[in-house]
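Knowing the structure of chain A, use the given hints to seat chain B on it.
Chains as they are written, first to last, in the numbering used here: chain A, 1 to 313; chain B, 1001 to 1313.
If you're looking for bench data, these hints aren't it; they were derived computationally from the structure. Note that CB positions come from ideal geometry on N, CA and C, so glycine has one too. Certain hints may be false.
Quick list of the computed label-pair ranges, beta carbon to beta carbon [claimed, not checked]:
(1) A:Gly260 x B:Asp1061: 46 to 54 Å
(2) A:Gln30 x B:Arg1295: 36 to 44 Å
(3) A:Arg308 x B:Asn1097: 28 to 36 Å
(4) A:Leu166 x B:Glu1299: 21 to 29 Å
(5) B:His1204 x A:Arg91: 35 to 43 Å
(6) A:Ala296 x B:Glu1299: 24 to 32 Å
(7) A:Leu137 x B:Glu1027: 43 to 51 Å
Facing chain B, from chain A, some residues (calculated, C-beta under 8 Å) [claimed, not checked]:
(8) Asn95
(9) Pro230
(10) Ile268
(11) Leu304
(12) Ala310
Number of protein chains: 2
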Amino acid sequence: MTNTAQSPRLLVVGSVAIDWVITPHAEREQAVGGSATFCSMAASYFAGVRLVGVVGHDFPDQAITDLRAHGVDLQGLEVVPDGLTFRWKGRYHANMNARDTLDTQLNVFANFDPRLPAGYRDTPYLFLANIQPDLQLRVLEQVARPRLVGLDTMNLWIDVARPSLLRVLGKIDVLLVNEEEAMQLSGEHNLVKAARAVQRLGPHAVVVKRGEYGALLFHGDDMFAAPALPLEDVVDPTGAGDAFAGGFMGWLARTDDPHGEQLRTAMIYGSTLASFLVEGFSYDALGALDSSRIRARFERFSRLTDFRRAELR
Amino acid sequence: MTNTAQSPRLLVVGSVAIDWVITPHAEREQAVGGSATFCSMAASYFAGVRLVGVVGHDFPDQAITDLRAHGVDLQGLEVVPDGLTFRWKGRYHANMNARDTLDTQLNVFANFDPRLPAGYRDTPYLFLANIQPDLQLRVLEQVARPRLVGLDTMNLWIDVARPSLLRVLGKIDVLLVNEEEAMQLSGEHNLVKAARAVQRLGPHAVVVKRGEYGALLFHGDDMFAAPALPLEDVVDPTGAGDAFAGGFMGWLARTDDPHGEQLRTAMIYGSTLASFLVEGFSYDALGALDSSRIRARFERFSRLTDFRRAELR
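So that you can see chain A by itself, here it is in the shape it has in the complex:
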């Protein structure tokens, strides 16, 4: 069910990395990571994906093979022969909800200047993963108006590149952020007020990611709450938000109806793909799916949230 055959519908621009992940239970030194990697692989179960990013000569061939096997078009993945891939090292706390960054080496990512292959210009769905907002703007200049643009960002850019971030927010449709980022961006302590304030900055929909607590969608005046699936064995949460974005954007790209009810369903597919991601290091678990497993887990979300509309008289 990977969509090698269909014409690519989702363009993903972001980081491709090699992570060193330490958890209370295990450790992996050469874990392929990066927002674009996880997002693309998650989305690949729903739509054809094009990836734009940069790696060095040390990026494993196996990861290239794996992404291609998922139908991800890597024409936009720049390989710098004399450079090293972006590296991140982190350690998770006992409850797996918090982590400390131990080391970051930007390497070739420091000079990332996303240049889209000519054939990518008219991809109808675009996800701008977390990179410097000026680069996100530069990508938007290179595409014809997509049907929908999703965007992620981080506390660093809210802090040091707010004017550029505000410019890009005026040009996108869906912002995906975590709670702290929504509050920092808006200056509001209350999450509903924060999300509404962020909507006034441009995006008609705001997805607030809350990790193990799920995610909230603010769309127009509407609200939707997607739970996270409570899991007994979380192996590595690195990239859960990116897998969420991949499931979310992938579903919208597949159905090509990015409104109302489909946004809600996309939230559940985002949660579904994120729930798989955390069950393995890197994309071990995310990469090994098929439509029947995804369907079955989507159904677990249905059951997790289903209740009888009992009347109080």
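The following block gives chain B in isolation, referenced to the frame of chain A:
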């Protein structure tokens, strides 16, 4: 729709207090509080309630009047004429999710020894709010076997009265705790493992309260996630967990079918009553409800969690 007419179905044993609540936006010095107060008032919309607690001579007549107006039977509320009511003072942080206790004066609550009026013995539903576990055991000794016993506790008792707590856990049906308490009680960092371990201690159902993130129900092998309603104006969260317990226990007592689907619906009624509670100081908002407002908000929870079961082929 308060149930003054129907025969009392729910017995609530817990604290009755006067709180001094400070939030970033406002302050109330004489706020009627206490777990039994909030729980009873919330449950009163669903079933007749009996309250067992203790207050001093300083407890406001108006609160007695308000509870009676909600049909709460106060025969079990002991008034110590030469004593003072339990007092708690706390200050909420900017985001209203965390708080510091500034002062606690147990007063008459220090010698609370719950004695049930003879007529209370056969109440079919029992909620043991957070009090010392030996006192909870003492209550259980005074009742005929109820249809269902719910219980709340706190980190202090897990710490200093674990043997008594384990004894009482072996005799109850539903435990309502927060995440930290579930983990502390079980020694597990993973919430699912923690809840399953707590189930093995006795209660067939465990409700994990997560504040603004909602609540999870673990029932047998089943899981259910209830969101909290994202609210733009939270006035005072004090007692939200107690109002949740009241809505939850009240619905079970009303329907008298404390299994499967009704437990899920009870979770949503718990969330519904908690969402009202936080909209005012003390029981200002909780006390002013009627069935049509409760129904309308229950429907908001339906809409908040509803999504289309779209097929991935």
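Hints versus structure:
Between A:Gly260 and B:Asp1061 the CB atoms are about 52 Å apart, so this pair conforms to the stated range of 46 to 54 Å. The hint said 36 to 44 Å for the Cβ distance between A:Gln30 and B:Arg1295, and at roughly 56 Å that hint is violated. Evaluation of the 28 to 36 Å hint for A:Arg308 and B:Asn1097 yields a pass: the beta carbon distance comes to about 30 Å. The given range of 21 to 29 Å is broken by A:Leu166 and B:Glu1299, whose C-beta atoms sit roughly 37 Å from each other.
In this structure the hint that B:His1204 and A:Arg91 lie 35 to 43 Å apart at CB holds, the actual value being about 38 Å. Hint check: A:Ala296 to B:Glu1299, Cβ distance near 30 Å, so the stated range 24 to 32 Å holds. Between A:Leu137 and B:Glu1027 the beta carbon distance is about 46 Å. The supplied range of 43 to 51 Å therefore holds. With a cut of 8 Å, the hint placing A:Asn95 at the interface with chain B holds, because the nearest CB-to-CB distance is about 5 Å.
Because the smallest distance between the Cβ of A:Pro230 and any Cβ of chain B comes to about 5 Å, under 8 Å, the interface hint for this residue holds. The interface hint given for A:Ile268 holds, since its Cβ lies 5 Å from the closest Cβ of chain B, which is under the 8 Å cut-off. About 5 Å separates the beta-carbon of A:Leu304 from the nearest beta-carbon of chain B, less than 8 Å, and the hint is met. Nearest Cβ of chain B to the Cβ of A:Ala310: about 5 Å, under the 8 Å cut. The hint holds.
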